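Kindly produce the complete structure, drawing on both the sequences and the hints.
Chains as they are written, first to last, in my numbering: chain G, 1 to 112; chain E, 113 to 226.
Treat the hints as calculated values from the structure; they're not laboratory data.
Hints may contain errors.
[What the hints assert, rightly or not] PhoX-like cross-link-like pairs, simulated, lysine-lysine; straight-line CA separation at most 25 Å: (1) E:Lys170 / E:Lys181; (2) G:Lys31 / E:Lys181; (3) G:Lys57 / G:Lys18; (4) G:Lys31 / E:Lys218; (5) G:Lys57 / E:Lys218; (6) E:Lys161 / E:Lys218; (7) E:Lys218 / E:Lys170; (8) G:Lys57 / G:Lys31; (9) E:Lys218 / E:Lys181.
These numbers were taken from a predicted model, which means no experiment stands behind them.
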Amino acid sequence: EADIYQTPRYLVIGTGKKITLECSQTMGHDKMYWYQQDPGMELHLIHYSYGVNSTEKGDLSSESTVSRIRTEHFPLTLESARPSHTSQYLCASSGGGFYGYTFGSGTRLTVV
Amino acid sequence: AQSVTQLDSQVPVFEEAPVELRCNYSSSVSVYLFWYVQYPNQGLQLLLKYLSGSTLVKGINGFEAEFNKSQTSFHLRKPSVHISDTAEYFCAVSVISGNTPLVFGKGTRLSVIA
Numbered sequence: 001e002a003d004i005y006q007t008p009r010y011l012v013i014g015t016g017k018k019i020t021l022e023c024s025q026t027m028g029h030d031k032m033y034w035y036q037q038d039p040g041m042e043l044h045l046i047h048y049s050y051g052v053n054s055t056e057k058g059d060l061s062s063e064s065t066v067s068r069i070r071t072e073h074f075p076l077t078l079e080s081a082r083p084s085h086t087s088q089y090l091c092a093s094s095g096g097g098f099y100g101y102t103f104g105s106g107t108r109l110t111v112v
Numbered sequence: 113a114q115s116v117t118q119l120d121s122q123v124p125v126f127e128e129a130p131v132e133l134r135c136n137y138s139s140s141v142s143v144y145l146f147w148y149v150q151y152p153n154q155g156l157q158l159l160l161k162y163l164s165g166s167t168l169v170k171g172i173n174g175f176e177a178e179f180n181k182s183q184t185s186f187h188l189r190k191p192s193v194h195i196s197d198t199a200e201y202f203c204a205v206s207v208i209s210g211n212t213p214l215v216f217g218k219g220t221r222l223s224v225i226a
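What follows is the structure, encoded as structure tokens:
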């Protein structure tokens with residue numbers, strides 16, 4: 001049973017629309033992460049958070065933003081979607097380096 | 113800074129044959145090491161991890177990995193693969209002290225052929 005949930009699983013949206021990808025975890029983890037991944041390709045860290053009101057940009061420049069108002073919730077927002085945003089977005093959480101990450105099932109986004 | 117190199121981007125292997133997926137890492141400090149598996153259209157799932165102690169680590173689905181400090185390697189092995197093992201496999205490293213995100217390798221695509 002998944003302890004980290006991402007919604008929606010699939011999303012097709014028009015260019016210029018604002019979208020929010022949801023990620024919630026029930027494990028009480030302080031650390032949460034967003035990755036972007038093209039099919040069969042490497043993971044790119046785009047945002048992470050080490051607790052409430054803490055957010056950092058990752059290695060890959062991204063036009064998205066995140067917020068962390070509650071421990072369990074770490075949504076990612078695209079203000080104006082573009083075809084270049086078409087990708088899979090993976091959310092993960094961690095209780096610390098010792099434990100590694102728990103990943104959600106991902107959101108596959110297509111911008112047309 | 114840490115880095116992870118997965119030496120093979122694709123590994124085809126026949127069903128019931130053994131397989132080794134290679135991973136080398138670079139770090140100036142002590143690390144934890146992980147292997148994750150990703151099935152199509154899914155997130156990543158933890159296969160196994162090395163934290164300390166015995167250098168041979170057993171994970172789920174019959175996989176095991178051996179930590180070699182002198183060669184800075186953490187290769188993943190399975191003595192007999194199944195069709196269902198077809199997936200993407202990622203090696204990752206985390207520093208023991210400090211507060212930085214996991215560093216992932218670029219992944220190895222394992223294709224099991226019937």
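For each hint, the structure was consulted:
This hinted pair checks out: lysine 170 (chain E) and lysine 181 (chain E) have alpha carbons roughly 17 Å apart, not beyond 25 Å. Taken as a hint, the lysine 31 (chain G) and lysine 181 (chain E) pair is broken in the structure, with Cα atoms around 28 Å apart against an allowance of 25 Å. Annotation: proposed proximity of lysine 57 (chain G) to lysine 18 (chain G) holds, straight-line Cα distance about 20 Å (limit 25 Å). In summary, the hint linking lysine 31 (chain G) to lysine 218 (chain E) is supported, as the alpha carbons are separated by about 22 Å, within the 25 Å threshold.
Using a Cα cut-off of 25 Å, the hinted pair lysine 57 (chain G) and lysine 218 (chain E) holds, with the two alpha carbons roughly 20 Å apart. Between lysine 161 (chain E) and lysine 218 (chain E) the CA atoms are separated by roughly 18 Å; this keeps the pair inside 25 Å, and the hint holds. Of the supplied pair hints, the one linking lysine 218 (chain E) and lysine 170 (chain E) holds, its CA atoms being roughly 22 Å apart against a limit of 25 Å. Under the criterion of a C-alpha separation no larger than 25 Å, the hint pairing lysine 57 (chain G) with lysine 31 (chain G) is consistent with the structure, at around 14 Å.
A threshold of 25 Å between alpha carbons decides the hint, and for lysine 218 (chain E) with lysine 181 (chain E) the separation of about 21 Å falls inside it, so the pair holds.
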